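Student: As given, the protein sequences belong to chains A and B, one line each in that order. The opening residue of the first sequence carries number 1 in the numbering used here; numbering runs sequentially from there. The opening residue of the second sequence carries number 1 in the numbering used here; numbering runs sequentially from there.
Some hints could be false.
Sample of chain A residues at the chain B side, in silico, Cβ under 7 angstroms [stated by the list, open to error]:
{"#": "1", "residue": "His9"}
{"#": "2", "residue": "Tyr41"}
{"#": "3", "residue": "His51"}
{"#": "4", "residue": "Gly73"}
{"#": "5", "residue": "Ala76"}
Residues of chain B placed beyond 12 angstroms of chain A at every Cβ, according to the derived structure [as the list claims (entries may be wrong)]:
{"#": "6", "residue": "Gly34"}
{"#": "7", "residue": "Trp36"}
{"#": "8", "residue": "Ser58"}
{"#": "9", "residue": "Gln62"}
{"#": "10", "residue": "Val117"}
{"#": "11", "residue": "Arg173"}
{"#": "12", "residue": "Asp188"}
{"#": "13", "residue": "Glu203"}
{"#": "14", "residue": "Glu211"}
{"#": "15", "residue": "Thr306"}
Covered by chain B, per the in silico footprint, the following chain A stretches (three or more residues, Cβ under 8 angstroms) [said to hold, decoys possible]:
{"#": "16", "region": "19-31"}
{"#": "17", "region": "43-50"}
Simulated from the structure, these hints should not be mistaken for laboratory data. Predicted model only: the values in this text are computed from it and were never measured. The C-beta atom is built at its ideal place from N, Cα and C for all residues, glycine as well.
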Amino acid sequence: MIRVVLPAHLRTLARVASEVNLDLDGEVTQRALFDALESRYPMLRGTMRDHVTKQRRAYVRFFACERDLSHDGPDAPLPELVVRGREPFLVVGAMSGG
Amino acid sequence: MSSVRVLVGTRKGAFILEADGKRHDWTVNGPHFGGWEIYHLKGSPVDQNRIYASQSSSWFGQVVQRSDDGGKTWEPVDNRFIYNGATGTHRWYDGTPHPWEFARVWHFEPSLDDADVVYAGVEDAALFRSDDGGRSWRELAGLRQHRSADSWQPGAGGMCLHTIIVDPKNHNRIFTAISAAGAFRSEDTGATWRPINHGLRSEGIPQAEAEVGHCVHRIAMHPRDPNVLFMQKHWDVMRSDDGGESWREVSGNLPTDFGFPIDVHAHEPHTIYVVPIKSDSEHYPPEGKLRVYRSRTGGDEWEPLTDGLPQRDCYVNVLRDAMAVDSLDECGVYFGTTGGQVYVSPDSGDHWRPIVRDLPSVLSVEVQTLP
Numbered sequence: 001m002i003r004v005v006l007p008a009h010l011r012t013l014a015r016v017a018s019e020v021n022l023d024l025d026g027e028v029t030q031r032a033l034f035d036a037l038e039s040r041y042p043m044l045r046g047t048m049r050d051h052v053t054k055q056r057r058a059y060v061r062f063f064a065c066e067r068d069l070s071h072d073g074p075d076a077p078l079p080e081l082v083v084r085g086r087e088p089f090l091v092v093g094a095m096s097g098g
Numbered sequence: 001m002s003s004v005r006v007l008v009g010t011r012k013g014a015f016i017l018e019a020d021g022k023r024h025d026w027t028v029n030g031p032h033f034g035g036w037e038i039y040h041l042k043g044s045p046v047d048q049n050r051i052y053a054s055q056s057s058s059w060f061g062q063v064v065q066r067s068d069d070g071g072k073t074w075e076p077v078d079n080r081f082i083y084n085g086a087t088g089t090h091r092w093y094d095g096t097p098h099p100w101e102f103a104r105v106w107h108f109e110p111s112l113d114d115a116d117v118v119y120a121g122v123e124d125a126a127l128f129r130s131d132d133g134g135r136s137w138r139e140l141a142g143l144r145q146h147r148s149a150d151s152w153q154p155g156a157g158g159m160c161l162h163t164i165i166v167d168p169k170n171h172n173r174i175f176t177a178i179s180a181a182g183a184f185r186s187e188d189t190g191a192t193w194r195p196i197n198h199g200l201r202s203e204g205i206p207q208a209e210a211e212v213g214h215c216v217h218r219i220a221m222h223p224r225d226p227n228v229l230f231m232q233k234h235w236d237v238m239r240s241d242d243g244g245e246s247w248r249e250v251s252g253n254l255p256t257d258f259g260f261p262i263d264v265h266a267h268e269p270h271t272i273y274v275v276p277i278k279s280d281s282e283h284y285p286p287e288g289k290l291r292v293y294r295s296r297t298g299g300d301e302w303e304p305l306t307d308g309l310p311q312r313d314c315y316v317n318v319l320r321d322a323m324a325v326d327s328l329d330e331c332g333v334y335f336g337t338t339g340g341q342v343y344v345s346p347d348s349g350d351h352w353r354p355i356v357r358d359l360p361s362v363l364s365v366e367v368q369t370l371p
């Protein structure tokens, strides 16, 4: 089970109160995670990665295990602690004013 | 008794202001979508409980919200605005070619005869349409693929399609305006377009009377007289009496002819309103006095409307989509400011009062007149 923590605005949009838990088949990658997340919560499509290119939006970051995974490839495996559900995968709005 | 519902989009959420026909005592609901930029909300004239809202942020992009109960509850609908066909390039600020990139929806224009049909004007400039209440969108690509499009440039706020007007007497005829490309008209429900900028003169472009390149800020029309169009351009207030074929300046005695919104009285097709702003770099009222100007002659002759508006130390702006009128017997006029005030005049502009004073910066104001 993968634990995903969304930023507050996306939790509101998806109407989830806390972590989202996902069961993924096969290799656990960012692509697989977001495919599953957007499938369950279609309103999140386009808010974290581009509809067409699937590239991460510029002001969205992905953290886990105290590492910045934002620049990892979409098909790179996620850390084992994330795969085992010991650590959450964090979707973060980049820190800035506004 | 009739009532009004004012839909206010701000930099940090949407607000819904409601009052009975006296427009004296108001309830304020919101913020809806707190923390998000709400560029525009607009209700369907066919089903006034149907409201579309453009919700966006630099972080999370575009979301489209739809309400079917007058704004009490909302449902996210489709947010895929994919350009149709070859994307092409327009001209960037520095003059180099720049690929079209979707940024946000600036304006929704619900159909006059079908609550499920709605047009969306977006940045980078293009027109989209939904036939299923926002559950899917398709681009009417003839506009973006106009032969002049590779020469269009963004205004300071982005290259936005901000004005969409459907001719109430001929629904095949649609007017749009783009900053900074100009005004365009379609006679075939958006399939093909041609520029309608003859008579506009803009000193800020190399060829002042060019076919395209004008920074049109807003166009307004009275539904009874759809061949008469009023335009607030970057500088100059303009008027067309032939559906945009030609324009003439009607700035007349305005203290400055720079501004953003322009609107038409609900019952008097030649009574129009603007909010003069000092200049293109000084986006505040001249002399620190917030004045709406009214012309009862369709331009040229203007009178300042000041009663109830701040007449000293006022340095707010009123953006292009932030003025609206209701259609009660005594026409109400509304506008919102970048300082977060929303003002109402329940008597065609003679007297004003703030409905609210301290909202986030106001991006848009629309009014629904309810039975």
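Student: Next step is simple, just say for each hint if it's right about the structure.
Tutor: Results of checking the hints against the structure:
Hint status for His9(A): holds, given a least beta-carbon distance of 6 angstroms to chain B, under 7 angstroms. A hinted interface residue such as Tyr41(A) counts as satisfied when its beta carbon comes closer than 7 angstroms to some beta carbon of chain B; here the least separation is about 10 angstroms, so the hint is violated. Taken as an interface hint, His51(A) checks out: its beta carbon lies about 5 angstroms from the nearest beta carbon of chain B, inside 7 angstroms. The criterion of a C-beta within 7 angstroms of any C-beta in chain B is not met by Gly73(A), whose closest approach is roughly 22 angstroms, and the hint is violated.
Residue-level restraint check for Ala76(A) is violated (minimum Cβ-Cβ distance to chain B is 23 angstroms; threshold 7 angstroms). The beta carbon of Gly34(B) sits about 8 angstroms from the closest Cβ of chain A, which is not more than 12 angstroms, so the claim that it is off the interface is violated. For Trp36(B), the non-interface assignment is contradicted: its Cβ lies about 7 angstroms from the closest Cβ of chain A, within the 12 angstroms cut-off. Residue-level check failed: Ser58(B) sits 6 angstroms from the nearest beta carbon of chain A, not beyond 12 angstroms.
With a closest Cβ-Cβ approach of about 7 angstroms to chain A, Gln62(B) is found to fall inside the 12 angstroms limit, against its non-interface label. The beta carbon of Val117(B) sits about 22 angstroms from the closest Cβ of chain A, which is more than 12 angstroms, so the claim that it is off the interface holds. Remark: the non-interface label on Arg173(B) is consistent with the geometry, its nearest Cβ contact in chain A lying 32 angstroms away (cut-off 12 angstroms). With a least CB separation of 29 angstroms from chain A, Asp188(B) remains clear of the 12 angstroms interface cut-off, as annotated.
The beta carbon of Glu203(B) is kept farther than 12 angstroms from every beta carbon of chain A, the shortest such distance being approximately 34 angstroms. Every CB of chain A is more than 12 angstroms from the CB of Glu211(B) (nearest about 33 angstroms), matching its label as outside the interface. Every CB of chain A lies more than 12 angstroms from the CB of Thr306(B), the least distance being 34 angstroms, so the non-interface label holds. Check on the region 19-31 of chain A: 0 of its residues sit with their Cβ under 8 angstroms from a Cβ of chain B, so the three-residue criterion for coverage is violated.
For a cut-off of 8 angstroms, the count of residues in the region 43-50 of chain A with a CB near a CB of chain B stands at 5, and the three-residue condition holds.
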